[in-house]
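Student: So you can see what is in the structure, the chains are spelled out below.
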Amino acid sequence: MRLSMAGNTAAAWGFRLSRVQCYPYYPITPSTTCSEQIAAWVGNGDMDGVVINVESEHSAASAVIAAAKSVRAATATSSKGLLYMVEVLENGSGSSLPFTIFVGNRATGAPINIWGDNQDAYAVRDSGLIQIFAANAQEALDAVIQSYRIGEDLTVRQPVLVNLRGFTGTHTYEPVDVPSAADVDSFLPSYLPLEPLFSPDQPVTYNAMLAAYYYRRHKRNQTAALRNASCVTENVGRQFGEKFGRSYGKFDWIGDADADLVVALVGESFGAAETIVSHLQGRKGVGKIAVLRVRLFNPFPAQEIATRIYKANTKAVVVLDEGLPHGDVFPPLALRMAAALQAHLGTQTPRLASVIGGLGGSDIRPDHFQTLFNLAANIADGRPYRREPYWLDIDEDPILLTDEKKVDQKLWKRYGDVWKAQPILDAYHKPLPSTNYEVRIYGRAGQGAITSAVFFTGAGVEQNLWVVTKPTFGSERRGAVVHTDTLIEQGASNKTRAFTARQDLVCIYDDTILTSPTHAPTRDLKPDGTVLVNSSRYSPARIRQLLGLGPKASVFIVPASRIAHELQLGSFFNMVMLGAMHCVCPLVDFGAAMTYYEKNAPRPKEANLEAIRRGYQETTDKELPAVELPAVDARAEEYFRWRPEEESLEEEMLRSLETLRG
Amino acid sequence: MFQVLFNSEIGTSPHSSLLSEPVIDPGEYGYIPTSGLTSGHQGCTGCGMVSATNQVLRALKLTGRYVAASIGTGCNEVITTQNTSCWGKVSVDHNNFPNTASTLSGNRAAYEALVQAGLLPPGSVVNVGIAGDGGSYDIGLQALLAWIARAEDGVYVCLNNEAYMNTGIQSSGATPFGAKTSTTPYGKKANGNPRTPQHLPDLALAAGAPYVAVASPVHHRDLAIKVQKAAMIPGPCLVECYSVCPPGWNTETDYFFEITRLALETRLLILYEAELHRKEGYAIYTLNYLPDRFRPIEEYLETQGRFKNLLRNPEMVKVVQRYVDRRWAFWADLLEHNGVGEKVIVRLDSVPDAVGLPV
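Chain order of the listed sequences is V and H.
Number 662 marks the last residue of the first sequence (our numbering); no jumps.
Number 359 marks the last residue of the second sequence (our numbering); no jumps.
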């Protein structure tokens, strides 16, 4: 069953299909919706199990570890929540208890930051947990199911962390194949607690105090169990593939088998890296390249990775970390890579550079990997390079020198020679063609822009299209301008998640955004792109003028607010816009989409369906006949029409005096 | 706040307003012919906590349910689990210091899930949490009050020895005023513990626990009945056990009984229970023990080295005496109803000798 869902929901499906019996949770952005989904299912009776609304992540971890002694247990968390769990987590690994925590990876601050990076997962790398990094929603679902097979294996019995980058992973809506419950049941047997707590015939004491002799032996066994997880992960990933058609290993190697230049990373950024590898591979002037994506971060498959690199005879490895070194030689992934290569290859170790990027929700775009491969090519050429981490997207400290004036002078003294010796190789920077259809919706928070994009995605996925929607989230509350991006893949199916940020269609839900210089909504519109605006007061020609659009761009308007008002939907005009989107974007068949909406439209269903239909019909590139809107309150109308620049200060004071006099 | 009602009868009864059936009364001496902790524990001679744990386990076994104990890190835990387990036919889940209540919660949820799945019969297990005062008053308070707020079924036993005895007698939220601990020393500027202790049963009742009780390992029948009530009453119930600690309190090891008796006769320790009818908005308080005679607080303080310096400062002793009197005044209506009201309000610190009061 292929459904459109976000990463958090996919992880929740994983837990549901794994028949998790106990789920204590404490909300934290961005993993919250996973727990909300579980609570909803348990509340509806769709899922058997006991949820606990604990008062902190510390208690969530305590409860999940307690419950894992008897039943299959899980929770989800992020960032500080995971750090708050740390004190307890080692009791899970030390007591040999299998359970799974889904982590929506997020920056750990301070400063407070709610967006994605891997710092939280890195912070618990010493807590003895198995760590799997998923690259997308599908992998998150699959990894959760596999995590129980891995963790519950008799040679392992250790807790598992399933990581997915916050927002770009957890909140991106994408097509996900949900396996049937029967198939998962035959893949994943029900939980067998080895030392059940509620066992009158065999009382058990967990986490007794062990003195040095017993302690060191216990810890050695625990370490061996964690190492066992390495080959168990491989086996389980293969068996999963045999059953469900999607195989997984400890790491992926995408690109040339004998790549000289390798970029290593974990997690969701893999999507963008993959796109660049297939874009650059085999081009003239580009060396043999590959992306090494580490899926199993803990236990780190050091020997296997070193062997793979040795076989490829790789010359240079650039490691991208979405986390900090905190005073160490490299950040965690680079450190592990360096140690693995040095320990296993000795003098054969390729050169290795570390790059820090993607911190706190910073974009990791396809073009970043073009720079990284360029860097790798320079390093492989024997050019000088830094032995401490590079940084992505720091203007005064670039990886490759583009503008000497921008560079920090102190850094220039230190790294000037390195920069000068590192050429920018044009072959690596060939722009990625924008072959997919990209939509961006601008709206004000609360107008349901994301909801309509999610519906659009759902309808597309139902028609077997590859549609991905990546909303942006922040601390914006109602009324603030927000946007969301949708991608419809065209041509060969690569299941891409890489947005080029150049839109074919820009939908503007609120015509007050049209003139906003901060948002410049059509800045990245393709020349032949389309603009769709919810407006009753601007003509398409005026909009073209306001946005300064070229002649090839087309402009459509739909009086969505008015239609919603007529349908008594209040201010909920997003379904009208949804219909209008279908009118201007023919890629998702409207008729088939309607059957999807008939099943899923929000209440009031009929009115919303009618709204979609009317949005589809009444979208036009012509000027609308002037309609006199019923004035609700003449004075209010006047107030809203008033613009400060139209009046002088004296006039304004006079006016306010008049208002005071009534 | 809720309305406070008093049980007109003073004493321990196996009946409860929250239970349709009485719990098992083990008789005057409170002897329960089962095993609690087994041999091999490393506790001190004269430890109140070990005796309390032992009796708690025996009492829980009277319910006929299997005992699953979630225990917090502390003296009680390390002396009973080092390299072996002294918990006999009881399953023990030691997690960490601050999370006894949330571990209890996880175990309760797991049990409920197993009952849902039909793998265990309902009502076959009693989930008990056992932690010290440090793990309950201080570091574990968040988890404990949240567990009570969630209204989950279980028993929480706080073994209150009034300081962090496991780590070497540091003051906790339960340490009495003026007591010397390694973190509340005596010196030119410091006069021992400057804080008056918190009272966990009050906190628990305010948080919504249906049943709270203060018990002592010297009063076996009272303790056994209270623990059984806590196990049988649905919801999060709390029993606090007064636990003598000879090294922590700097006392002789064979004064267990005498110290407890003095604590009761000076009224520093009050054995009582409270049943909260949360939805109805009232609580019924029962005084379980009325001493034959009341003594001035000095007599209790003199038994323990930790109060040596406090006793040199008469003003501080008066503070303690006032604290004790005011807390006892809570029971004034009840005592009056039982014909002892008048005599109770006597300022004992003005009376040099011990005063005996007939009941």
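It is possible that part of the hints are untrue.
[To be verified] Here are some of the chain H residues that sit facing chain V, going by a computed Cβ distance under 7 Å:
no.	residue
1	42
2	45
3	46
4	68
5	87
6	96
7	153
[Said to hold, decoys possible] Ranges of calculated distance between the beta carbons of each label pair, as one might list FRET restraints:
no.	chain 1	residue 1	chain 2	residue 2	range
8	H	279	V	591	32 to 42 Å
9	V	606	H	122	56 to 66 Å
10	H	234	V	46	21 to 31 Å
11	H	4	V	598	55 to 65 Å
12	H	170	V	602	53 to 63 Å
13	V	109	H	122	38 to 48 Å
14	V	476	H	279	53 to 63 Å
15	V	602	H	122	36 to 46 Å
16	H	122	V	591	50 to 60 Å
17	V	598	H	151	40 to 50 Å
18	H	122	V	39	41 to 51 Å
19	H	170	V	396	23 to 33 Å
20	V	185	H	45	48 to 58 Å
21	V	185	H	330	52 to 62 Å
[What the hints assert, rightly or not] Examples of chain H residues lying across from chain V (beta carbon under 7 Å, computed):
no.	residue
22	62
23	63
24	66
25	82
26	91
27	94
28	102
29	107
30	109
31	113
32	146
Because the hints were derived from the structure by calculation, they are not lab data.
Glycine is no exception: its CB is placed at the ideal position from the N, C-alpha and C atoms.
Student: Are residue 82(H) and chain V close enough, Cβ to Cβ, to be under 7 Å, as the hint says?
Tutor: Result: holds, 4 Å to nearest chain V Cβ.
Student: Given the hint of 52 to 62 Å, is the C-beta distance from residue 185(V) to residue 330(H) inside that range or not?
Tutor: holds, 59 Å
Student: Quick check: does the Cβ-Cβ distance between residue 170(H) and residue 396(V) fall within 23 to 33 Å?
Tutor: violated, 51 Å
Student: Would you settle whether the hint for residue 68(H) is holds or violated, based on the nearest Cβ-Cβ distance to chain V being less than 7 Å?
Tutor: OK, holds: residue 68(H) within 7 Å of chain V, min 5 Å.
Student: 56 to 66 Å was suggested as the range; check whether the CB atoms of residue 606(V) and residue 122(H) agree with it.
Tutor: Given a distance of about 46 Å, which is not inside 56 to 66 Å, the answer is violated.
Student: Using Cβ atoms only, decide whether residue 96(H) comes closer than 7 Å to chain V, and label the hint accordingly.
Tutor: Where the cut-off is 7 Å and the nearest Cβ of chain V is about 6 Å from residue 96(H), the hint holds.
Student: Holds or violated: the hint that residue 102(H) contacts chain V, with Cβ atoms closer than 7 Å.
Tutor: It holds, given that the least Cβ distance between residue 102(H) and chain V is near 3 Å, below 7 Å.
Student: Identify whether the interface hint at residue 91(H) stands, where standing means a beta carbon of chain V within less than 7 Å of its own.
Tutor: The hint holds - residue 91(H) has a Cβ within 7 Å of chain V, the shortest such distance being about 5 Å.
Student: So, as I understand it, the hint says residue 63(H) touches chain V; can you test that by seeing if any CB pair is closer than 7 Å?
Tutor: violated, 13 Å
Student: Between residue 234(H) and residue 46(V), does the C-beta distance stay in 21 to 31 Å?
Tutor: holds, 27 Å
Student: Starting from the range 40 to 50 Å, see whether the pair residue 598(V) and residue 151(H) falls in it by beta-carbon distance.
Tutor: Given a distance of about 42 Å, which is inside 40 to 50 Å, the answer is holds.
Student: Would you settle whether the hint for residue 87(H) is holds or violated, based on the nearest Cβ-Cβ distance to chain V being less than 7 Å?
Tutor: Residue 87(H) check passes; min Cβ-Cβ to chain V is 6 Å, inside 7 Å.
In the structure shown, a violation is registered for the earlier hints numbered 1, 2, 3, 7, 8, 9, 14, 18, 19, 22 and 23, in ascending order.
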